[in-house]
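Turn these sequences into a full structure, and let the hints steer you where they fit.
Spelled out, the chains give:
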Amino acid sequence: MTELNILEAIRIAMDEELERDPNVMLLGEDVGRKGGVFGATEGLFAKYGGKRVLDTPLTEAMIAGAAAGAAIYGLRPIAEMQFADFSYPAFNQIVSEISRMRYRSNGTFGLPMVIRMPYGGGVHGALYHSQSNETYFTSTVGLKVVAPGTPADAKGLLKAAVRDPDPVMFFEHKKTYRLFKADVPDGDHVVPIGLADVARSGKHLSIFCYGYMRFCALEAAETLAREDGLEAEVVDLRTLRPLDTAAVLASVAHTGRALVVHEANRFGGFGAEVAAFIGEAGFESLDAPVTRLAGPEVPGVPFHHSLEDWFMLNPAKIVEAARALAAY
Amino acid sequence: MANTKQAEALGHRKLGLGDDDVLAMYRQMLLARAVDERMWLMQRAGKIAFVISGQGHEGAQVGITWPMRRDQDWLAPFYRSIASVMTFGMTAEDIVSAHLAKGDDVSSGGRQMPGHYGAKRYNIVSLSSPVGTQVLHAVGLAMGAWVRGDDMVAMTSFGEGTSNQGEIHEAMNFAGVHKLPVIFVCENNGYAISVPLAQQVGGLSVAIRAQGYGFPGVTVDGTDPIACYAAAKEAHERARRGEGPTLIEAKVVRLTSHSSDDDQRRYRDPAEVEALKEHDPIPLFANRLRGAGILTDAIEELLRTEIKAEINEASVRGEARPDPDVSTAERYVYADEVWP
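So the sequences go chain by chain: A and B. Numbering of the first sequence is given in my numbering, commencing with residue -8 and proceeding in unit increments. Numbering of the second sequence is given in my numbering, commencing with residue 7 and proceeding in unit increments.
Treat the hints as calculated values from the structure; they're not laboratory data. We put the beta carbon where it would ideally sit given N, CA and C, even for glycine. Wrong hints could be hidden among the right ones.
So, partial list: chain B residues that the calculated Cβ filter (under 8 Å) puts toward chain A [claimed, not checked]:
#1 Gly124
#2 Lys126
#3 Ser132
#4 Ala144
#5 Val145
#6 Gly146
#7 Ala151
#8 Trp152
#9 Val153
#10 Gly172
#11 Glu176
#12 Ala177
Listed below in C-alpha cells is the structure:
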C-alpha cells in the first residue's frame, strides 16, 4: 500500500499501463513536456518519449478521432480532453463514431480506448472549466462511463478502462485531484468496471453518489450520525454506465430511502436515471420518494467565489437533504 | 499485340505498369460501374431502398488505390468509394449483399445504409454518415503506424463539400505536424448534393490548402487513371520514406444524381448534365487503351461477358443470403454480450 492522492494514482496507473503494454499511448494537449495542465502525465514524456506521450495540436476532434483510428490499428490510446468542458468539438467523433463503431460494423471493429475527462467545479474555473457533463455520455449507448472518487479506484478503474475492449469515458473530478490521500494497493490493482462500492454502511437512508460527491457524502454521513443519530449508507456508484443495478437495489432494500447526489444539474441528469430505475425496480422497498440533490439549473458554474459556493454541493447541503428525506 | 510506340505514349510503362496492369485497371473500373448500375436497377425494381453512386469517379478511385498494398495498407473510404473498396478487395457479391442489407454483409450485417462500406478483412475502416469523420480515422491509423515505426500507409477519400468540415482541417494539420503516412484524396465532382463548387470552396481549389499544412497538394485529372496512379504512387512512396502526407484532388464528374433520393435535373442545367458524359472515365480510358493497342474489340467483348456473368452470379448469391435475424439486433453494442 502507498498513500496517494487521486492525481498521483492516475499518473501511476498510466505509467504502469505504458510499461506493461507497448500499444498503450497517451495523447492530448500539453500531456507531453509539460506533463499535463494538472500534472497527471508528469514524467511520462521523459520516460516513454514523445510518440507514446504525444502533445497534440489544440484540436479535440482530432484527439478523439485519431485515437479511434489508432485503436482500429491495434493501439490502446488514452486520450485526454484537457477539460471535460472542451470535449464538445470531439462530440461528433465520440458520439457518431466511437460509441457506434462496434455496432455499425456488426461486431467487426471494436475501439479499446479511454477518454480522460477532467470535470467538475470548485476550482475557480467558472463556466468553461467546471462542467459536469457526464450525462451526454451516460445517455450514449456504446460508451462506458466511469467516475472514481478515491485514489485506489482511480488507479484500479483507469487500468480496467485501458484494458477494456470498449471505449471508456473516464471522469476525474478536478477538485479531488489533491483533496486527500488514501491507501492505494501497489502493483497491478484493477477495479472492474460496472461495480458500485458501499463506502459506508447504514440503515436509515442510502446516498448514491460518484466522484467528488463520495467525499462530500461521507462527511455528511459523519455529521448525520453524530448530530442526528442517522446512519446513512453511502453507495459510490463508481461506474455510471453500466450502472450496478444490483447494488442500487440491495441498498434501497436495506434502507428504504434513496437520495441521489450529483453536481451536474438536476433536469435529465444521471440522478433521473437512478431515481427512475429505483422507482421501477425497487418501489416496494421504498418508504419515501426517491430524492435528488443536484447542481442548480444554471448554464455553468459562475466565477466569483460567493457565486461558486452557491453553486457547489457540499456536505452541509447533503446533510440538509438527508434530514428532510429521513423525516418523510 | 500492343503497338509499342503508341503504348509508350499512354505513359503507364514508365510508371512500372505493364499492359496487363492497365487492362486490369480498366476491368476494375468496368466491374465497379457494372455493379453500380445493377444497384440502380435493383433499386428501381424495389429490391434496394437506397443507392449512392460512384459513377464518374471510377478512374480516380481505381488509379489512386492501385498502388496501395492490400494486405498492409488501410483505406478509410467515403460513400462514393465503390471502385476504391473493390480495388481493396471487396467483391461484387459483397457490394450486392450490403445494398440488400443482408445479415452476413461484410460491411455491417445489414445495419447500415448502402454505401457505408467497411470490412476489417480488407483493411477498410467502417464508414458512418456524418461526412469527414473517416479522415481522422485514417490519420489515427497513420499515427499508429508512426508510433510503432512500421511501414503502413493509410488512405482516405472524401468529396469537395466534405473538405470544408473542421475535422478535415484538424486531420490535415496534425498529419502535417508529424509527417504521418497518410494520403488524403479529395474526389471533386463539382457538386455537394446541389451546391456547386463555387459556393463550397473559397479559392476553388482544395489541393492548394495543403501548402498551409506543409505537404504537397496536387490536382489531377480524375478521369485519367494513369495520371491518378502516378500521383498516388508518388504519394505512397513519400509516405513510406517518412516524408509525410500528400493531398490529391482528383477532378471527376458525378454522372448520377447525388443518390436515388435526389434528382439533379432540379438544380443542374440539362445540357450540363448531358455534357458530363463526355467526361465519363470509362469510354475515355477505353479509347486510350484502344489507341495504344492494348484494348481490342475481342478483349472488350470478353471483359464485358465476364463481368456480366460475375454480376449475375453475385446478384443471385447475394439475394440468396439470409436477411438479418431480428433476435441479433442487440448484439455487438459492447464486446460483452451480456449487459445488465
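Report the numbers of all earlier hints that the structure fails to satisfy, in ascending order. none
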